[in-house]
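Position in the sequence shown (first residue = 1) + 30 = my numbering.
Take the hints with a grain of salt, since some may be wrong.
To be verified - With beta-carbon atoms standing in for the labels, derived distance ranges:
#, residue 1, residue 2, range
1, Asp-333, Ala-145, 23 to 31 Å
2, Ala-107, Pro-287, 40 to 48 Å
3, Pro-265, Pro-81, 52 to 60 Å
4, Ala-237, Pro-265, 24 to 32 Å
5, Arg-184, Pro-328, 53 to 61 Å
6, Ala-237, Arg-194, 20 to 28 Å
7, Leu-196, Ala-311, 36 to 44 Å
8, Pro-130, Arg-186, 47 to 55 Å
9, Asp-333, Gly-138, 40 to 48 Å
Derived by calculation from the structure, the hints in this document are not laboratory data.
Cβ atoms here follow ideal geometry from the backbone N, Cα and C, with glycine treated the same way.
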Amino acid sequence: MTAVVDGRTAAALRDHAAGLRERLGLAEAPILSATGLWLLLGAVAEAVEEPADRAALEAVLGVPAGDATAAVTALLADPHPAVGAALGGWVRPDLSLLRPVPGPVPVGPLPGQPALDAWAREHTRGLIRAFPLRADPRMLLLLASALVTEPRWRERLATDRDGRLLLEDGLQAVVATEAAGPVGVAGPPTDDGIDVLSVIAAPDLPAADVWRAVDEVVSRRLGGTLAPGSRPSGPLGDGHAWRVTEGVESFVAWQAPEEGAELWTSRLPAWHAEARHELTAAPGVAEAGRGLAGLLPPEALADGLDLRCVQAATATYDADGFRAAAVTALGIRAAGMPSYVDRRVRRVVLTFDRPHALVAVARGGAWEGMPLFHAWVRP
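Turn these sequences into a full structure, and let the hints steer you where they fit.
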């Protein structure tokens with residue numbers, strides 16, 4: 031990773047996530063990628079030239095606009111082997127931007143919805159099937175980020191009689207935190223360079239406090255002070271999510287632990303979540319939108335602008351690993367109704383309401399003209 035991406039950037043991302051959860055009430059969202067939004071805002075931060083808006087956006091990003099854009103550029107240029115990240119930009123074909131969108135966002139002509147859906151699928155390995163914003167005649171400028179990761183556990187997890195996943199390796203610990211007191215931590219081992227940590231706190235604590243405890247756990251993990259079997263000082267007794275027992279058990283001789291060894295097991299749920307988040311009111315979005323609107327010709331915004339920011343996200347946690355993806359889209363649309371013109375046309379309507387044939391034919395290269403599939407269709 032290049033020098034422009036450092037611990038300060040990671041800390042800014044954690045702070046941004048905390049601010050987003052608090053501002054939009056997303057502490058209990060089933061799945062969310064604050065990083066997907068940060069990448070999008072950071073990529074275009076230098077488009078925001080009005081001083082007050084730039085100061086507000088920089089406060090959201092946690093770093094100066096130029097540093098944020100440089101960090102996003104470096105992340106895309108030096109990809110993590112287990113993370114896919116992409117940016118996309120599209121402008122309505124009949125418009126010419128006053129100046130290019132700054133930063134690492136490639137901008138092309140706005141396609142139809144099928145092409146946008148295909149972009150989402152391509153850059154999330156098929157996990158996000160549909161682009162979160164619809165392309166319509168009022169859409170002027172559309173930007174998006176995509177983020178996906180699919181780490182696999184080093185070994186497939188077993189399942190207990192209640193259907194919970196059994197973790198007997200990796201990172202399992204009890205961590206004393208300032209925000210939520212002692213919390214349980216479990217993270218299956220993976221060779222993909224991704225930590226997937228589950229953190230459980232006492233049941234009566236608000237989610238916001240638990241997320242602050244998670245930040246503490248992550249900081250300790252990154253700082254090298256969180257290891258398997260970590261616990262608060264002194265003997266470890268029963269807690270809100272763990273029980274401690276002692277006794278004599280039988281083991282196969284060659285698998286037997288040392289006398290007095292401490293063995294950890296975590297019972298984790300398998301789960302799948304999908305979410306759609308309205309992020310138009312997220313901190314920094316309005317400022318970025320106004321900056322981007324300044325790239326559009328004034329006549330396109332004669333009736334004002336309609337700004338939307340939406341994220342589609344999905345995640346699965348199972349015996350094999352963790353899969354998650356998000357597409358975050360920011361669109362600038364004309365606020366008025368689209369203009370139309372009258373044309374005289376002839377229409378020919380074919381109705382296939384009885385059995386008919388279908389053939390799929392390949393085009394191009396050695397496959398030119400080859401019929402790949404035939405079908406007899408019965409409506």
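Inset, instruction - Compare the structure with the hints numbered earlier in the document and write down the numbers of the violated ones, lowest to highest. - result: 9
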